[in-house]
Amino acid sequence: MKSKKKVFLKNNKELIVLFVFIFLIGVLFGLKFGMFNKMINLTGEKSISIYAPAINDKGEGVLINLTTSVRSGRGLVLVNINNVLADFELQKSSREATKAAADYLGLKLNNIDLVYAIKSDADIIGGGSAGAAMALSAISVLGDIKLKDDIMITGIINESGDIGKIGGVKEKIKASKGKASVFLLPIGQSSEIKNYKSKMECKMINKIEYCKTNYVEAEMEFEGIKVIEVKNLEEALRYFRK
Amino acid sequence: MNKIMWVLLLLLIGGCSPSITTFENVKEKFENKLDLPILSTDGFVKVNVSYSDKLFLDWNCKRIIMPVHSMQIYSIDRGMKGKVDYRPQTHDLMKDIFDGFDIELLMVKIHNIENQIYQARVILRRGSKVLDLDARPSDSVALAVRYGKDVYMKESLMLKGTKIC
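Protein chains in written order, with our numbering: chain A, -4 to 237; chain B, 21 to 185.
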């Protein structure tokens, strides 16, 4: 004799599968849009300043000072234009950097405002290459993560935290000279400065000394600065974290 | 007495013959037949070398076309014609160094392609030391033609070449 429970499960099998399916879709939807992310409790204002490389209107590499502040608010992402004007790409970068940082830390930013302030010799700063630096500074200020000050990064950022290609690699590294010992680049952008070295391995085979050489990638360096390619924010943080 | 002399002479020759054979074996082993896996040509084919503004490697109606710098083509041309300019090419200089230090070019092999770039090995020997070098195919060919050595290419790579007959 079958119990009522077993009969119910048997008769409503399709319905149960449908409910489970809808539940899973809901979970995925929630994860995607950060519905399970936690709110941040903030008293007062916090800020962090880092240097980021950029290209000025003459095509020269320059360093900009990026100060990222967080304070209680209404979920605004602001770019301070008191010192320098920001173009469309930079505004887009600030929005995507904030989203990527919030997702990385698993935070909801509905109750805070994030302000990016840039100081530079240039009048207008454009392009999205400061995106990765903005995201890292946001992670630092939101997550109380201390960053090393002798590392610099260039690269656009998307909402998933992937770091994308940019221009003016050599000019930016040159601009970082004296301030950085390590420079992080998006994947596939170091071809101009890639370096190889000959590696020799020897062994005895049938009383013959057999030595084999292969050219392998050497540590990349440009203008005395170690250059490393990184794929996303997580990889970049491995180098940046104090 | 004569008989004893003959017997002694035969014994002497008989006794020496294994030593002569052994000596020849050792000589052959060290001079020609180095027992090393890298010297195996299994899976490789001998290719014919020709060129225009590119390097051509032909085998069995298949052709591999390699874009090569004009200086390398010029060096291969000089090597194939057995000519040396008033001032030596880099590969002539390399040959002088090898010859001066008793270094023998054993073999060149084009064994791999990575990111659309062919890779070769230049295998050298000095005494009981063998050096297996990572090299560009054009350098390998330029050296091989100076020594009259065959150029080997992996058959699987050759089969991917253009059909020419």
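If you are wondering where the hints come from, they were derived from the structure by calculation, not from laboratory data.
Each hint should be verified, as a subset may be incorrect.
As the list claims (entries may be wrong) - Distance ranges between label pairs, derived from CB positions:
#, chain 1, residue 1, chain 2, residue 2, range
1, B, Gly168, A, Lys194, 28 to 36 Å
2, B, Thr110, A, Cys206, 56 to 64 Å
3, B, Thr110, A, Asp82, 44 to 52 Å
4, A, Glu224, B, Asp105, 40 to 48 Å
5, B, Gly168, A, Glu218, 42 to 50 Å
6, B, Lys183, A, Arg236, 50 to 58 Å
7, B, Ser72, A, Cys206, 53 to 61 Å
8, A, Cys206, B, Thr182, 48 to 56 Å
9, B, Gln136, A, Lys41, 34 to 42 Å
10, B, Asn80, A, Glu224, 56 to 64 Å
Small disclaimer: the values here were computed from a predicted structure and weren't measured.
Idealized CB from N, CA, C, for every residue including glycine.
Next item on the list: Could you tell me whether the CB distance from Asn80 (chain B) to Glu224 (chain A) stays inside 56 to 64 Å?
Entry: violated, 42 Å
Next item on the list: Check the following: the C-beta atoms of Glu224 (chain A) and Asp105 (chain B) are separated by a distance inside 40 to 48 Å.
Entry: holds, 43 Å
Margin query: If I claimed the Cβ atoms of Lys183 (chain B) and Arg236 (chain A) lie 50 to 58 Å apart, would that claim hold in this structure?
Written below: With Cβ atoms ~57 Å apart, the hint holds.
Next item on the list: Could you check the hint for me, namely that Ser72 (chain B) and Cys206 (chain A) are 53 to 61 Å apart, CB to CB?
Entry: Distance hint for Ser72 (chain B), Cys206 (chain A) is violated at roughly 36 Å.
Next item on the list: Using the beta carbons of Gly168 (chain B) and Glu218 (chain A), state whether their distance is inside 42 to 50 Å or not.
Entry: holds, 47 Å
Check: Between Gln136 (chain B) and Lys41 (chain A), does the C-beta distance stay in 34 to 42 Å?
Finding: violated, 51 Å
Check: Thr110 (chain B) and Cys206 (chain A), beta-carbon distance inside 56 to 64 Å?
Finding: For Thr110 (chain B) and Cys206 (chain A) the Cβ distance comes to about 22 Å; the hint is violated.
Check: Lying within 48 to 56 Å: is that true of the beta-carbon distance Cys206 (chain A) to Thr182 (chain B)?
Finding: violated, 36 Å
Note to self: Taking 28 to 36 Å as the stated bounds, is the beta-carbon spacing between Gly168 (chain B) and Lys194 (chain A) within them?
What the structure shows: holds, 31 Å
Notebook entry, point to check: Could one say that the CB atoms of Thr110 (chain B) and Asp82 (chain A) fall in the range 44 to 52 Å?
Noted result: Holds - the Cβ-Cβ distance for Thr110 (chain B) and Asp82 (chain A), about 51 Å, lies within 44 to 52 Å.
Hint check: violations occur at hints 2, 7, 8, 9 and 10; the rest are consistent with the structure.
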